[in-house]
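S.K.: Chain by chain, the residues run as shown.
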Amino acid sequence: MEALQLLVETLVYPGLVFSLIAILLTQWYVRKLYARMQNRVGPLHTGPSGLLQPLADFLKLMFKEDVVVKGAGDKLTAGLLTVSIGAILAILLMTPLAIPLRSITGWYVVIKADFDVVLALYLLVWPTVALALAGFLSPNPFSIVGGSRVFSLTIAYELAFALSILTPVALTSLLYGAGYSIYASSISSWRLWLHPYTACLTALALATALISLQCKLMEKPFDIPEAETEIVAGPFTEYSGPKLALIILLHDLELYVGAALITFLFLGGPAPFFKPLWASALTFLVKYVIVVSVLTAIKAAVARFRVDQALLLFWRYVLPLALLALIFSMASPLLAAQVF
Amino acid sequence: MMQLLIEVLKASASMFTVAIILYLLYLYARSKAPRKPIGDKLSIYACGESYPERKASVADVNLFVAVWKNLFRSLYGRLREGFHTGILSDWLVWMYVFLALMLFILVSAGGVP
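If you're matching them up, the sequences are chains A and B in order. Residue numbers for the first sequence follow the working numbering, beginning at 453 and rising by one. Residue numbers for the second sequence follow the working numbering, beginning at 54 and rising by one.
Isolated chain B (complex conformation):
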């Protein structure tokens, strides 16, 4: 395990050495640019129209979850029809079942020492 830790440190040293050199190269190249961007180049545009900054971000729920919700919509629908009743105590039963399953897996894997 100690050997792996040493190798991780070596890899990190290598990684950050390259990163620092490239970052300095980036700063040098940037300083040598023939002109600095000004005016309209610095404002946000979308499809040729100016765009307010507050609208230029997307709700995080639509970033990641939306694709999966669409992809597994039929599976979600089937699960909902089969298991969802809308009664809180039913939900609690499912939570106990889930907890029991987790405990079973933990015990069968050797348990907590």
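With the rest of the complex left out, here is chain A:
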């Protein structure tokens, strides 16, 4: 029975089908907002207000011819991309996103164990590795340089992102017994905003997590690996048709899962409206939209860094601040007796 439940959750809610709908809506919102910030109208004609434009783009790419140049990795690239999409979707099963399913069907499966944050951090690395290897599997200098840029940036932002994610997990585990579990931390993370000490640490980690996620998504100012004025499209130069559709799908899923994870771990998910169901869903949606809007605003407002500027930004400022937030989080039980 549990295997069937896991299958339903993997394929329907909060897994594949629900995520596909969510990322298409997210992509429409991002494109609209990005266009408005640049004094354009964005998607307009396909569906009401261009709502179906991301779906049309995806289907168009999916059924185009798949050009595989001489010497390029073919099925291996597609396999890497699909496994990475599976990895990033598996993270959703670790969050409380499936809770509404319990109120309807009476059951839900969740991936929950002490120290499962390590599993989440491991799964989060898959897309980065897949995109870099997709570049290396193309016989094109632009693709290979793009892939090397992805790996160079990875050393900087993956560490900062992991440290940022660990801060609320460590705080909730040390203060409220969440056991370094993504699910348990998500449930109690809203309480971190109730005290100035933990609120400051959470806010600091939230800022570093947002900057790191922006870099992980390869969005401006960190779109260095696919800088079109320098290296065409970086690791994706040689890709078209269904493989490019999978690459875009993976990128959009990273945005969706990353923003949902930040909403749960830093902003408390549906808190303070846990009941009724519509109020909690609406609260979560508002917080999620705020996170996505902030990421889009950064993308629209700033120009691209050079690779050395981006690396120095992370090593000089983002990484030390994320580390500082984590160190002070680990010290919080010492202060707990006095301040909580």
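Honestly, the hints are just simulated from the structure, not real lab data. Bear in mind that the values here come from a model prediction, so they are computed numbers and not experimental data. Heads up, the beta-carbon is just placed ideally off N, CA and C, and yes, glycines get one too. Just to be clear, a hint being listed does not mean it is correct.
[What the hints assert, rightly or not] Computed Cβ-Cβ distance ranges for the label pairs, DEER-style:
| hint | chain 1 | residue 1 | chain 2 | residue 2 | range |
| --- | --- | --- | --- | --- | --- |
| 1 | B | Pro-105 | A | Ala-455 | 43 to 53 Å |
| 2 | A | Ala-783 | B | Tyr-129 | 29 to 39 Å |
| 3 | B | Gly-92 | A | His-497 | 28 to 38 Å |
| 4 | A | Ala-655 | B | Pro-105 | 48 to 58 Å |
Dock chain B against chain A, hints included.
M.R.: Relative to the frame of chain A, chain B by itself:
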């Protein structure tokens, strides 16, 4: 620990189920493409020029290390001026110092049981 292992297996099962379904979808979409790519579309091009396959890869040393060497060039220069003599026995001393440091960290962390 056993609970974590079970959750890892659950996550892996979920991950590969999605991967298999998407891979089949990819193969289906590919088979439905209106035409197969032929001719010049399959050869390597760079900046509009044809490019030999053996030149289309970059030496691995330039892929990863080059950025870091450039980034920390001043630090590397300072370290080299301060510590590098070019004498093999000096290098050996540094290796012993490093080994002693590792042993100290190991012992202070509780040692090998």
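S.K.: None of the hints should be skipped; say for each whether it holds.
M.R.: Against the structure, the hints come out as follows:
1. B:Pro-105 x A:Ala-455: 43 to 53 Å: holds, 52 Å
2. A:Ala-783 x B:Tyr-129: 29 to 39 Å: holds, 34 Å
3. B:Gly-92 x A:His-497: 28 to 38 Å: holds, 34 Å
4. A:Ala-655 x B:Pro-105: 48 to 58 Å: Holds, at about 54 Å.
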